[in-house]
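Construct the entire structure; sequences and hints are all you get.
Each chain, written out:
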Amino acid sequence: MSEFKHDRRYAIVMLVFSILYGYGGSFAETDFYNGVVGPHHWIYLIAGILACLSIMLFLKPSNYKPKSLPWSTWNKRIPLLVGVFLYSVILPYIGFLGAMIPLMVLTSMLFGAKFKFALLSSVIMTVLCLILFDGLLDISLGRGLWLM
Amino acid sequence: MLPGIGPVNAIAVLFPIVYSLGVPPATVLILFAGVYYGAQYGNSISSILLNVPGTSASAVTAIDGYALAKKGFGGKALAMSAVASFVGGTISIFFLALFAPLLAKLAINFGPAEYTVLMVFAFVALSSFSLGSLAKAIISAFLGLAIATIGIDSTTGVSRLTFGMLELYDGIDFIVVVIGFFAVSELLYILMEDQKIKTPIQSVTSLMISIKEITASIVSILRSCVSGFLVGVLPGAGGTIASFIAYATEKKLLTDKNEFGKGDLRGVAAPESANNSASVGAFIPLLILGVPGSETTAVMLGGLISFGIKPGPLLLENNPEIFWGLAASMFIGNFFLIILNLPLVGLFARILQTPRWILMPMIMMLCIVGAYTINGSEFDVILIMIFGLVGYIMRRAEFPLAPLVLGVVLGGLIETNFRRAMIYSHGSVSIFFDSAICITLWFMAVASLLVPSIMKKVKIK
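Chains W and G are the protein sequences, given in the same order. Counting in the working numbering, the first sequence runs without a single skipped number right up to 148 at its last residue. Counting in the working numbering, the second sequence runs without a single skipped number right up to 609 at its last residue.
Be aware that one or more of the hints could be misleading.
[Said to hold, decoys possible] With the Cβ distance kept under 8 Å, some of the chain W side facing chain G (calculated, not the full set): (1) M14; (2) Y21; (3) L57; (4) S62; (5) Y64; (6) L80; (7) L81; (8) P92; (9) G112; (10) A113; (11) S121; (12) F133.
Calculated directly from the structure, the hints in this document are not laboratory data. Even for Gly, the Cβ is constructed at its ideal location relative to N, Cα and C.
If you want it as structure tokens, here you go:
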């Protein structure tokens, strides 16, 4: 495989993005502007320059060669991302404490903690965070349905 | 101080807290500035004791600093770093107070066209000084500009790229972008790359440095302070380039350089003085022109705008308390840095040994809380994860993230100024080449594009 292939891959991704972005800009309402440059023109300008830069990167890629990562590293990344997504879904229903503690336990374990230590440190940190924000600073972190 | 957790992440996490508390803008800027220049010193601790620079600005310090620590002089290196940071930081505050009002007088003549070109210059400078491919750096900046276009258009009030999602009508808050692209991507990076600190932490012995050692280094400190300040004023250059230039200059100019690179106190003093001086210099373009020179000052600019303060030439006139309050606070901050850091260095060294499984979940919790508290919206939490993943991929692909943040922060301003200028000129782009200021700025933009490649060629020869 050519060492230039990786940059070219990114260039193609950016080119597709710039086209979609420019297309998205065409949905902006254009009836109300009375100036020379409308709300969609700026988007077209950015999309056009992005497309040109992508072509430039494709034609003249750098010597970038990514370090290969074993697939096992995905075993850590996916649970973390899914965990945060689930957190944002369940937060409105069960509140900060209920949503954050499991997420913290999961994250601690992904970073190598044993379950007992992970649980202990997660509970302590989450409760401290709640006391600091919700109690002392009066910033709500999400109280759940029963405390609404 | 903690490797990988720089001032940007710290400010991004702090921002929603101070915003919710209704802290006055001047206090917020002082707080962020304290984090910024405090981080410059803190980074030297991990560089010297661990050979792991917290940020690239302290990478050069590690060369002589770690060599000294291995010889058993870690304490001396840390003390010299503190003294050089203090001297560099303090002298550069005088430069700031002296030059900022002069530049403000010049910048008062700036119109929309001049501002547009100035921001183009900032983008070009930041992109060209970024390590790696220039095309990637500019792509990164334009991605930031693209993110900034999401939401209601400030000129016409129509929605753009919201796809009917109510959460996007107010646009994407820059703090969500910063937390996602910097803090979360760093978290994923550390998790994925499984970066374990394998280098043993060197012990800290006596912190005493002799008058003779200070005298031997004072010329290096002063020289680096001046060069660091000048580099810091340039948009995009920042502490990293300042410290590299200072180190390279000392290497060339010193007559007795047998130990230089192998454990010389001047090799610690020069970059530390330069990067602290550069961090003060970076406030000139930020406060007087409203153009940040680095990702950290970009985040500060975004913060100031959120607080209703518009940095620019009129800041000194309209909000003098912000500028002079910051200058005064820097004196106090630098003083406290030196009296706190030296006795507490042992404690800081211990913090470096905090297990990742405690530190990283805590940072993740603060990221989530930080993103959530901006609007009280779960949608922002999802966004930081999306941005974190994209940021991680961009990091691995060697796309610099600083231009992206600059794009998000300046996106609204550059668009407004560009459109205003086009309206004034009835659609003619010649307005961007009409005034002497515009032409000078274009010249500087072209020069900043050429300088890095010329420097590379000179280095090769």
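Hint check:
no.: 1; hint: M14; verdict: holds, 6 Å
no.: 2; hint: Y21; verdict: holds, 6 Å
no.: 3; hint: L57; verdict: holds, 4 Å
no.: 4; hint: S62; verdict: holds, 4 Å
no.: 5; hint: Y64; verdict: holds, 5 Å
no.: 6; hint: L80; verdict: holds, 7 Å
no.: 7; hint: L81; verdict: holds, 6 Å
no.: 8; hint: P92; verdict: holds, 7 Å
no.: 9; hint: G112; verdict: holds, 5 Å
no.: 10; hint: A113; verdict: holds, 4 Å
no.: 11; hint: S121; verdict: holds, 6 Å
no.: 12; hint: F133; verdict: holds, 6 Å
In summary, the structure agrees with every hint in the numbered list given earlier.
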